[in-house]
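**Q** This is what each chain is made of:
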Amino acid sequence: MLEIRNVNVVYDPNTIFRKEALTNVSLQISSGESIAIIGKIGSGKSTLIQLFNGLVKPDEGEVLLDGVDINTKNVSRKEIIRKVGIVFQYPEEQFFAETVFEEVAFGPRNLDFSQKEIKECVYDALRVMGFDPPSIIHRTPFSLSGGEKRRVAIASVIAMRPEILILDEPTAGMDYAGKTSVISHIREGRTGGLTTAFVTHDMEEAFYLANRIIALDSGFIVFDGSPEEFFSNRNLISQIGLEAPFVLRFREKLLDCLGEIPFSKNLETLVDLIGAMIGH
Amino acid sequence: MIEFRDVSFAYDKHQVVESVSFSIEKGEFVTLIGANGSGKSTIACLTNGLLLPFEGKVSVDGVSTDDISLGRTIKRKVGLVFQNPDNQFIGMTVEEDLAFGLENENIERDEAMVRIASVAELLGIEHCLSSPPYLLSGGEKQKVAIASVLVLMPDYIVLDEVTSLLDPFGRKEILSIVKDLAGNQGKGVLFITHNTEEIVDSDDVLVVSNGKIVLHGGVKEVFADVDFLQSIGISIPPDVYVASILKKKHLVGESVFFEKEILDAICLK
Ligand SMILES: Nc1ncnc2c1ncn2[C@@H]1O[C@H](COP(=O)(O)OP(=O)(O)OP(=O)(O)O)[C@@H](O)[C@H]1O
Ligand SMILES: Nc1ncnc2c1ncn2[C@@H]1O[C@H](COP(=O)(O)OP(=O)(O)OP(=O)(O)O)[C@@H](O)[C@H]1O
Ligand SMILES: [Mg+2]
Ligand SMILES: [Mg+2]
Numbered sequence: 144m145l146e147i148r149n150v151n152v153v154y155d156p157n158t159i160f161r162k163e164a165l166t167n168v169s170l171q172i173s174s175g176e177s178i179a180i181i182g183k184i185g186s187g188k189s190t191l192i193q194l195f196n197g198l199v200k201p202d203e204g205e206v207l208l209d210g211v212d213i214n215t216k217n218v219s220r221k222e223i224i225r226k227v228g229i230v231f232q233y234p235e236e237q238f239f240a241e242t243v244f245e246e247v248a249f250g251p252r253n254l255d256f257s258q259k260e261i262k263e264c265v266y267d268a269l270r271v272m273g274f275d276p277p278s279i280i281h282r283t284p285f286s287l288s289g290g291e292k293r294r295v296a297i298a299s300v301i302a303m304r305p306e307i308l309i310l311d312e313p314t315a316g317m318d319y320a321g322k323t324s325v326i327s328h329i330r331e332g333r334t335g336g337l338t339t340a341f342v343t344h345d346m347e348e349a350f351y352l353a354n355r356i357i358a359l360d361s362g363f364i365v366f367d368g369s370p371e372e373f374f375s376n377r378n379l380i381s382q383i384g385l386e387a388p389f390v391l392r393f394r395e396k397l398l399d400c401l402g403e404i405p406f407s408k409n410l411e412t413l414v415d416l417i418g419a420m421i422g423h
Numbered sequence: 625m626i627e628f629r630d631v632s633f634a635y636d637k638h639q640v641v642e643s644v645s646f647s648i649e650k651g652e653f654v655t656l657i658g659a660n661g662s663g664k665s666t667i668a669c670l671t672n673g674l675l676l677p678f679e680g681k682v683s684v685d686g687v688s689t690d691d692i693s694l695g696r697t698i699k700r701k702v703g704l705v706f707q708n709p710d711n712q713f714i715g716m717t718v719e720e721d722l723a724f725g726l727e728n729e730n731i732e733r734d735e736a737m738v739r740i741a742s743v744a745e746l747l748g749i750e751h752c753l754s755s756p757p758y759l760l761s762g763g764e765k766q767k768v769a770i771a772s773v774l775v776l777m778p779d780y781i782v783l784d785e786v787t788s789l790l791d792p793f794g795r796k797e798i799l800s801i802v803k804d805l806a807g808n809q810g811k812g813v814l815f816i817t818h819n820t821e822e823i824v825d826s827d828d829v830l831v832v833s834n835g836k837i838v839l840h841g842g843v844k845e846v847f848a849d850v851d852f853l854q855s856i857g858i859s860i861p862p863d864v865y866v867a868s869i870l871k872k873k874h875l876v877g878e879s880v881f882f883e884k885e886i887l888d889a890i891c892l893k
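Line by line, the protein sequences give chains A and Z. Heads up, our numbering is the position in the first sequence plus 143, with the first residue counted as 1. Heads up, our numbering is the position in the second sequence plus 624, with the first residue counted as 1.
Same shape as in the complex, but just chain A:
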């Protein structure tokens, strides 16, 4: 379990650039959860998730992984990395290897996986991200297209088989197939006990994929609860500059002319309902 207790993060504290990126943030993530972290640009999402593996250090408060404060000296980096895998917002900045294989194999190798396991993990992870491994492993990661880079970056973290998978805007720049790959991995992983937290600007993703939403505004957590509850709070949504998913907005607009329509989260069901109402 991952826990954040009363954390403040301040960038450049003693300069005119002083920025309070997170203020008094507390949350707990339990095993098997799937959490969407949402909020306007600059609201502190990337800062928050970088706390999860110690990349950003709190100026105040604690980050606990299975009860242990990860920012104390005697904690092994390797142990943190084994448990918590993070895909950053700019994946291409992490690339360093000459081939895609070496890029994706780096994590598992570092965690002392056997040769056989390494190959297996690399191939599996690339397949999860929609690649045909033999046709991509020899390419240099630097020459890939933007979306291909992002997929390789995600594969390189999945390959380490972390217990907790953290993704910073994983579907940004991805095509239909790529989005579907990420979404199914999160969905299927969850049934197998994988814990995920993902940052997204896509409200449909937050609504359909997460069992919990954490919304940030100017470094404060302004909501922590179910997607249904969040997206029914229109005042809050517009106050923090977000919007409801299409299915809810559309249903609301239809109420005026169709009268009562049963609530449905699913777009196909909503269309069926409308079809039945106007069908004759």
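Incorrect hints may appear among the rest.
Pulled a few chain A residues facing chain Z out of the computed Cβ check, cut under 10 Å [stated by the list, open to error]:
{"#": "1", "residue": "G185"}
{"#": "2", "residue": "A315"}
{"#": "3", "residue": "R392"}
{"#": "4", "residue": "K396"}
{"#": "5", "residue": "I421"}
Straight-line Cα separation of at most 35 Å, DSBU-like style, residue types lysine-lysine; simulated pairs [as the list claims (entries may be wrong)]:
{"#": "6", "chain 1": "Z", "residue 1": "K872", "chain 2": "A", "residue 2": "K322"}
{"#": "7", "chain 1": "A", "residue 1": "K408", "chain 2": "Z", "residue 2": "K796"}
{"#": "8", "chain 1": "A", "residue 1": "K322", "chain 2": "Z", "residue 2": "K803"}
{"#": "9", "chain 1": "Z", "residue 1": "K803", "chain 2": "Z", "residue 2": "K884"}
{"#": "10", "chain 1": "Z", "residue 1": "K836", "chain 2": "A", "residue 2": "K322"}
{"#": "11", "chain 1": "A", "residue 1": "K162", "chain 2": "A", "residue 2": "K396"}
{"#": "12", "chain 1": "Z", "residue 1": "K873", "chain 2": "A", "residue 2": "K322"}
{"#": "13", "chain 1": "A", "residue 1": "K262", "chain 2": "Z", "residue 2": "K637"}
{"#": "14", "chain 1": "Z", "residue 1": "K803", "chain 2": "A", "residue 2": "K396"}
{"#": "15", "chain 1": "A", "residue 1": "K216", "chain 2": "A", "residue 2": "K259"}
{"#": "16", "chain 1": "A", "residue 1": "K396", "chain 2": "Z", "residue 2": "K872"}
{"#": "17", "chain 1": "A", "residue 1": "K162", "chain 2": "A", "residue 2": "K216"}
{"#": "18", "chain 1": "Z", "residue 1": "K884", "chain 2": "A", "residue 2": "K408"}
{"#": "19", "chain 1": "Z", "residue 1": "K701", "chain 2": "Z", "residue 2": "K796"}
{"#": "20", "chain 1": "A", "residue 1": "K396", "chain 2": "Z", "residue 2": "K871"}
{"#": "21", "chain 1": "A", "residue 1": "K322", "chain 2": "Z", "residue 2": "K884"}
{"#": "22", "chain 1": "Z", "residue 1": "K796", "chain 2": "A", "residue 2": "K396"}
{"#": "23", "chain 1": "Z", "residue 1": "K873", "chain 2": "A", "residue 2": "K408"}
{"#": "24", "chain 1": "A", "residue 1": "K322", "chain 2": "Z", "residue 2": "K796"}
{"#": "25", "chain 1": "Z", "residue 1": "K836", "chain 2": "Z", "residue 2": "K871"}
{"#": "26", "chain 1": "A", "residue 1": "K322", "chain 2": "Z", "residue 2": "K637"}
{"#": "27", "chain 1": "Z", "residue 1": "K872", "chain 2": "A", "residue 2": "K408"}
{"#": "28", "chain 1": "Z", "residue 1": "K637", "chain 2": "A", "residue 2": "K408"}
{"#": "29", "chain 1": "A", "residue 1": "K162", "chain 2": "Z", "residue 2": "K871"}
{"#": "30", "chain 1": "Z", "residue 1": "K844", "chain 2": "A", "residue 2": "K408"}
{"#": "31", "chain 1": "A", "residue 1": "K162", "chain 2": "Z", "residue 2": "K803"}
{"#": "32", "chain 1": "A", "residue 1": "K396", "chain 2": "Z", "residue 2": "K884"}
{"#": "33", "chain 1": "A", "residue 1": "K259", "chain 2": "Z", "residue 2": "K796"}
{"#": "34", "chain 1": "Z", "residue 1": "K844", "chain 2": "A", "residue 2": "K322"}
{"#": "35", "chain 1": "Z", "residue 1": "K884", "chain 2": "Z", "residue 2": "K796"}
No lab work stands behind these hints: they were computed from the structure. Glycine included, each C-beta is placed from N, C-alpha and C at the ideal position.
The hints should help you fit chain Z with the ligands onto chain A, whose structure is shown.
**A** For chain Z with the ligands alone, coordinates are given in the frame of chain A:
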């Protein structure tokens, strides 16, 4: 006008753009969609001579992009915002970064400051001006990258997935700026995106798959076959998807595609 005539391009021996032809007039808002790796960014880099075709010809206002003597003129006419904004930052602060581009173009200091202030206001990044670009959040960087091309006021603007890291409000903001650039300021715009809601108001849509243009036409022509688009890796906007189901059931007319049209069709019944 930017014109592609039978343009092909290969990295090493790997051909990624094949016989592509299209044009962008001043005042036109053209969108380009396609799966990951289909060749969109390569096409973007071909528009201003950053890459040169190995077959065919790209010209800007009649000048071929391989005319070395006019290379600078072409780059001045066609502003390109890259997919990864980090590739285009050079200054120590955002303001310096923006000023640097203007200085390079011999724009006077006073004029430069006016332009920077007005573009910063337009994009809502005034608070970022004194920060180092590499310390900004993802979405802030993306807006700064757009600003760095807007201050230069080129005749043509090529935007490669510049809304991918923006929040819903930021996306709408950028889109309305882009529409204004084409519609009111007479710029020629090429807008690349995976977010197909954003192509709805464009004058012309190019759909690429494996380096070829497989569909080219108006928005409704392109959205007419949603199954085909999905099969080549393109996401469908939710309202277009809803309309496609209602059409299959013959509940709305064939000309219905977008939310407002669906609502009108249903509510008139
Ligand atoms: N290393 C840093 N030094 C100084 N300021 C920073 C640093 N990193 C981020 N910031 C600032 O802190 C704020 C929060 O940044 P963060 O990256 O957490 O936002 P975000 O919610 O992830 O935004 P986005 O959706 O645009 O990615 C922003 O205003 C940003 O400019
Ligand atoms: N520098 C390079 N060297 C070799 N191959 C490259 C290079 N850049 C891109 N490619 C390949 O060329 C093809 C087209 O790439 P391009 O970047 O144009 O795609 P794209 O449509 O922009 O994709 P995305 O949506 O992922 O950004 C891809 O298969 C990519 O792997
Ligand atoms: Mg971020
Ligand atoms: Mg690209």
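**Q** State for each hint whether it applies.
**A** Against the structure, the hints:
About 5 Å separates the beta-carbon of G185 of chain A from the nearest beta-carbon of chain Z, less than 10 Å, and the hint is met. Interface hint at A315 of chain A: satisfied, since its Cβ lies 4 Å from the closest Cβ of chain Z, which is below the 10 Å cut-off. Proximity of R392 of chain A to chain Z holds as hinted, the smallest CB-CB distance being about 8 Å (cut-off 10 Å). A least Cβ separation of about 6 Å between K396 of chain A and chain Z falls short of the 10 Å threshold, and the interface hint therefore holds.
Below 10 Å, beta-carbon pairs count as interface contacts, and I421 of chain A has one with chain Z at about 5 Å; its hint therefore holds. Distance hint between K872 of chain Z and K322 of chain A is fulfilled; the C-alpha atoms sit about 26 Å from each other, no more than 35 Å. Between K408 of chain A and K796 of chain Z the CA atoms are separated by roughly 25 Å; this keeps the pair inside 35 Å, and the hint holds. About 27 Å separates the Cα atoms of K322 of chain A and K803 of chain Z, which keeps this hinted pair within 35 Å; it holds.
Proximity of K803 of chain Z to K884 of chain Z is assessed by CA-CA distance (about 19 Å); at most 35 Å being required, the pair is judged to hold. Taking the CA atoms of K836 of chain Z and K322 of chain A, the gap is about 23 Å. The hint holds against a cut of 35 Å. Only pairs whose Cα atoms come within 35 Å are accepted, and K162 of chain A paired with K396 of chain A is rejected, the gap being roughly 40 Å. A threshold of 35 Å between alpha carbons decides the hint, and for K873 of chain Z with K322 of chain A the separation of about 28 Å falls inside it, so the pair holds.
The straight-line distance between the Cα atoms of K262 of chain A and K637 of chain Z is roughly 28 Å, inside the 35 Å bound, and the hint therefore holds. Between K803 of chain Z and K396 of chain A the CA atoms are separated by roughly 26 Å; this keeps the pair inside 35 Å, and the hint holds. Taking the CA atoms of K216 of chain A and K259 of chain A, the gap is about 33 Å. The hint holds against a cut of 35 Å. With a CA separation close to 22 Å, the supplied pair K396 of chain A and K872 of chain Z stays within the 35 Å bound.
Taking the CA atoms of K162 of chain A and K216 of chain A, the gap is near 26 Å; set against the 35 Å cutoff, the hint holds. For the given pair, K884 of chain Z sits about 21 Å from K408 of chain A by alpha-carbon distance, which is consistent with the 35 Å threshold. Distance check on the hinted pair: K701 of chain Z and K796 of chain Z sit about 26 Å apart at the alpha-carbon level, within 35 Å; holds. About 20 Å separates the Cα atoms of K396 of chain A and K871 of chain Z, which keeps this hinted pair within 35 Å; it holds.
Of the pairs offered as hints, the one joining K322 of chain A and K884 of chain Z holds, with about 27 Å between alpha carbons and a cut-off of 35 Å not exceeded. Distance restraint check for K796 of chain Z and K396 of chain A: the Cα-Cα separation of roughly 20 Å lies within the 35 Å cut-off, and the hinted pair is therefore satisfied. In summary, the hint linking K873 of chain Z to K408 of chain A is supported, as the alpha carbons are separated by about 21 Å, within the 35 Å threshold. The straight-line distance between the Cα atoms of K322 of chain A and K796 of chain Z is roughly 21 Å, inside the 35 Å bound, and the hint therefore holds.
This hinted pair checks out: K836 of chain Z and K871 of chain Z have alpha carbons roughly 29 Å apart, not beyond 35 Å. Among the hinted pairs, K322 of chain A with K637 of chain Z is consistent with the structure: their alpha-carbon atoms are about 29 Å apart, no more than 35 Å. With a CA separation close to 22 Å, the supplied pair K872 of chain Z and K408 of chain A stays within the 35 Å bound. Proximity of K637 of chain Z to K408 of chain A is assessed by CA-CA distance (about 48 Å); at most 35 Å being required, the pair is judged violated.
Among the hinted pairs, K162 of chain A with K871 of chain Z is inconsistent with the structure: their alpha-carbon atoms are about 52 Å apart, more than 35 Å. Using a Cα cut-off of 35 Å, the hinted pair K844 of chain Z and K408 of chain A holds, with the two alpha carbons roughly 27 Å apart. Between the alpha carbons of K162 of chain A and K803 of chain Z the distance comes to roughly 34 Å, so the proposed pair stays at or under 35 Å and holds. Of the supplied pair hints, the one linking K396 of chain A and K884 of chain Z holds, its CA atoms being roughly 10 Å apart against a limit of 35 Å.
With a CA separation close to 49 Å, the supplied pair K259 of chain A and K796 of chain Z exceeds the 35 Å bound. As the CA atoms of K844 of chain Z and K322 of chain A are separated by approximately 24 Å, the hinted pair is consistent with the 35 Å bound. For the proposed pair K884 of chain Z and K796 of chain Z, the alpha carbon gap of about 17 Å is at most 35 Å, so the pair holds.
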